[in-house]
Structure formats: C-alpha cells, structure tokens
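K.L.:
In case you want the letters, here they are:
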Amino acid sequence: MYNLIRKIHLYSGLIIVIFLMMYFVSGFMMVHRPWFVAAPPAPTTQTATLQSTGAQTNEQLAAAVQKQLGLPGRIQFPQKQPDNLLRFWVNHPGAMTRVDVSTRENRIDLSTQRVGLVGTLIMLHKVAGYDSQPLFDAYAFFCDLAGTSMILFPISGMYLWWKTARNRLWGILCLFASCTYAGEMMLYFAYAR
Amino acid sequence: MLRKIILNIHIYGGLLCFSYLILLGISTLNFNHPFAFTTAGTTTTWTQPLKLPDLARPEGKNAQDWSRLRTQNNQKVLHALGSFAFPNTAGDGNWKDSDTWHTHFVRVGKEYDIDVHVDQGTATITATRRSLWTLIRELHGEHETFPESFFASTWAWYTDLCACVVVAAGISGVYLWTHRRRERRIGLILLAVATAVSLALMLVIALHG
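Protein sequences appear in the order of chains P and E.
Its first residue numbered 0, the first sequence is counted upward by one per residue in numbering that gives the first Met the number 0.
Its first residue numbered 0, the second sequence is counted upward by one per residue in numbering that gives the first Met the number 0.
Treat the hints with care, since some could be wrong.
As the list claims (entries may be wrong) - Label-pair distances were calculated between CB atoms; the ranges are: (1) P/T111 / E/T37: 31 to 37 angstroms; (2) P/L134 / E/L68: 48 to 54 angstroms; (3) P/T163 / E/F36: 36 to 42 angstroms; (4) E/T42 / P/Q132: 21 to 27 angstroms; (5) E/L202 / P/Q45: 35 to 41 angstroms; (6) E/V192 / P/A189: 39 to 45 angstroms; (7) P/T163 / E/V196: 29 to 35 angstroms.
These are calculated hints, taken from the structure and not from any lab test.
Glycine residues also receive a C-beta, built at the ideal position from the N, C-alpha and C atoms.
Start from the sequences, fold in the hints, and give me the full structure.
P.N.:
Quick look at the structure:
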C-alpha cells in the first residue's frame with residue numbers, strides 16, 4: 000500500500016508539475032497584479048464588412064463572425080448589450096478582441112488588445128470548462144488533472160508522512176493549524192456579518 | 000543534510016497548506032464543471048432598528064464630493080451593521096426616495112441589499128448566503144484586504160504562503176526524485192513527456208487559441 004501511494008504521489012507529481020507551477024505562479028501574479036503587469040499597449044483596431052446575413056441569434060451571429068474573420072479563442076458576451084450593436088469578446092491567452100457588429104450597416108469593428116507574457120499567463124490560469132473546441136478541451140482536461148492532483152497530493156503526502164515520520168508532533172501541529180484555520184475561516188465567511 | 004532540509008520543507012510546507020490545497024482542488028474542479036447545484040444560495044430578509052440620521056444627501060454637492068459622501072454613507076451603514084462587506088461598485092449606494100438610502104454590499108460568502116429608512120430608524124436587509132460550493136470557489140485565490148476584519152484579511156497571507164509553498168514543493172519534489180536511482184528512468188520519461196505536452200499545449204493556445 001505504502002509503495003503504491005508513494006508511486007502515485009511521485010508519478011502524478013512529475014506529470015502535472017508544469018501545470019501546477021503555471022497555476023500557482025500565474026495565480027500569485029494575478030493577486031499581486033500591480034507588481035507584475037505593466038501598462039498594456041494601445042489596442043489595434045480594424046474594420047470589416049459583415050458577410051453573414053439573415054435572422055440569427057446573437058450566438059449564431061457571433062460564431063459566424065468569428066469564423067468569417069478567423070478569430071482564435073472563445074466567445075464571451077457582456078452582461079449588457081449596447082444599443083443597435085451586437086458586442087462580444089473573442090479571448091484567448093495572449094489577446095482579447097472586442098467585436099462590435101452592426102447588422103444595420105453590415106459593419107464589424109474590431110479592437111484587439113495584446114496582453115504580454117504576464118497577461119497571457121493570467122489568461123491561461125482562467126481558461127476553464129469544456130466546449131466544442133478540442134484545443135480548449137484538452138486544456139480543460141489538464142485543468143481537471145491539476146484540480147484532482149491538488150486533492151490527491153496533500154492526502155497521499157499526509158499518508159506518506161504518517162507512515163515514515165519518527166516524530167509526528169510537528170506534522171500534527173502543521174496539519175492541525177491548517178485545518179483549524181481553514182475551517183474557522185469558512186465558518187466565519189459563512190456566518191459572520 | 001541539504002536533502003533532509005529540502006525533504007522537511009516539502010513535507011511540512013505541504014502539511015501546512017493541506018487544507019488550502021484541498022479547497023483549491025475542489026474549486027478548480029468546480030470552475031471546470033460549474034454544475035447548477037453548486038450555485039444555489041439562501042436568501043433571508045428582515046427589518047431591524049438602525050438609527051443613522053446623519054446620512055449625507057446629494058443636493059448642492061458636485062460629483063466628486065458626492066462620491067466621497069456616498070462612500071461615507073456606506074461606511075456608516077456597514078459600521079452600524081457590524082459587517083465587513085464592502086460596496087460592489089463605486090456607484091453602489093443612493094437615495095431611493097427622500098427617506099430611503101439603498102445600498103448593496105458583497106464579500107466572500109455573502110451579499111447584502113439594504114434599505115435604510117432614516118425617518119423610521121430601521122433598515123430592511125436582504126442577505127444572501129452563498130452555498131458551500133460557491134464559498135469554496137470564492138475563497139480560491141481570495142486576496143482582499145477587509146478594513147473591518149483583520150481575521151478575514153489574513154486569508155490573503157495564507158494564499159501567498161501556499162502559492163510559495165506549492166512552487167517550492169514542486170521544485171523540491173523534482174529534486175528529491177532525482178536522488179532516487181531506481182525511479183530515475185521512468186520518472187525522466189514521464190517528466191519529459193508531460194513537460195513537452197504541457198508547454199506545447201500552453202504555447203499553442205497562446206499563439207493560435
């Protein structure tokens with residue numbers, strides 16, 4: 000049993016270490032954004048003629064425009080649409096493109112904001128969920144692996160420590176501090192004013 | 000000696016961040032699979048005495064002054080309620096009518112919609128307590144400083160600590176594995192293939208989306 004768990008801990012660690020590093024480094028950059036993110040460059044703008052016609056839902060029209068322009072990434076709609084326009088974003092780690100479609104004027108306005116290395120890492124951190132794009136699905140699968148490993152590592156690590164430690168006092172104290180603190184914090188956020 | 004120090008950092012750092020990693024793992028999976036049952040919350044509404052007769056009004060104030068006074072009004076309400084939440088946006092908080100100050104506060108785990116009835120000295124409060132899943136999701140990387148709660152603010156330190164510990168644990172884990180002769184070959188193959196696939200995937204997504 001011990002050997003099996005040790006091997007799971009070791010091999011799964013070697014498999015997912017790069018993704019975990021990326022998540023924690025980019026997460027650290029995200030919460031300390033001012034330390035890492037410089038002023039972004041000015042966005043580049045572009046105009047195109049809308050080719051897709053006929054009655055379509057916003058989702059269908061956005062997908063057709065994305066295909067027409069060959070924009071890579073995932074479509075996101077804002078919570079509120081501007082008047083007389085369809086607005087959406089096509090985002091992928093590295094760039095965010097705002098697309099304004101005027102069906103009345105058959106016109107598409109694009110504004111692309113490049114985000115630099117740190118911005119790319121932060122956007123990589125935020126990619127989540129499965130959709131019909133195989134590339135993003137593969138990424139989401141790694142995200143699942145990373146999430147599972149974050150549960151697996153501490154549990155298997157705790158087992159390995161318990162089986163090998165000669166003096167368990169410090170480990171018990173660390174574990175107790177961690178669980179008590181997180182438990183108290185959750186109760187506090189759930190029940191305090 | 001060095002190996003022992005590194006092993007201790009790996010073990011005890013990991014144990015110190017045990018609960019954070021579990022929460023992070025659950026929330027990561029939940030971000031990837033946002034099932035409907037994980038978003039529910041419970042909402043309760045009540046009215047309680049709340050005397051705030053000196054809330055500022057916008058008449059005769061310019062936009063800048065009114066923005067400052069709006070913040071002060073919100074702070075008075077928060078103090079009176081004993082809450083460590085904060086306004087959702089800078090524009091939260093306004094006079095609904097001549098007697099009612101309406102505002103909206105949020106924090107991890109909770110959301111408040113508040114009507115302060117100044118003349119009556121009462122407040123009607125609608126509080127939404129998020130589900131356990133949402134709470135765990137909101138704690139994922141939470142890094143807010145809560146001026147009204149030192150305890151809640153310490154979560155940001157724990158987040159920083161755990162980020163550093165996990166990066167150290169990853170590096171030290173690889174270092175410790177290199178000292179195990181028997182597992183070097185299979186480990187090297189796994190590490191090389193996984194690194195190549197991971198980096199390639201990140202690069203392709205970043206370059207071609």
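K.L.:
Indicate, hint by hint, whether the structure satisfies it.
P.N.:
Going through the hints against the structure:
1. P/T111 / E/T37: 31 to 37 angstroms: holds, 34 angstroms
2. P/L134 / E/L68: 48 to 54 angstroms: About 51 angstroms separates the Cβ atoms of P/L134 and E/L68, which means 48 to 54 angstroms holds.
3. P/T163 / E/F36: 36 to 42 angstroms: Since P/T163 and E/F36 have Cβ atoms about 40 angstroms apart, the given range 36 to 42 angstroms holds.
4. E/T42 / P/Q132: 21 to 27 angstroms: Violated: the Cβ-Cβ distance is about 36 angstroms, outside 21 to 27 angstroms.
5. E/L202 / P/Q45: 35 to 41 angstroms: violated, 25 angstroms
6. E/V192 / P/A189: 39 to 45 angstroms: holds, 43 angstroms
7. P/T163 / E/V196: 29 to 35 angstroms: holds, 32 angstroms
Hint violations for this structure: numbers 4 and 5, all remaining hints satisfied.
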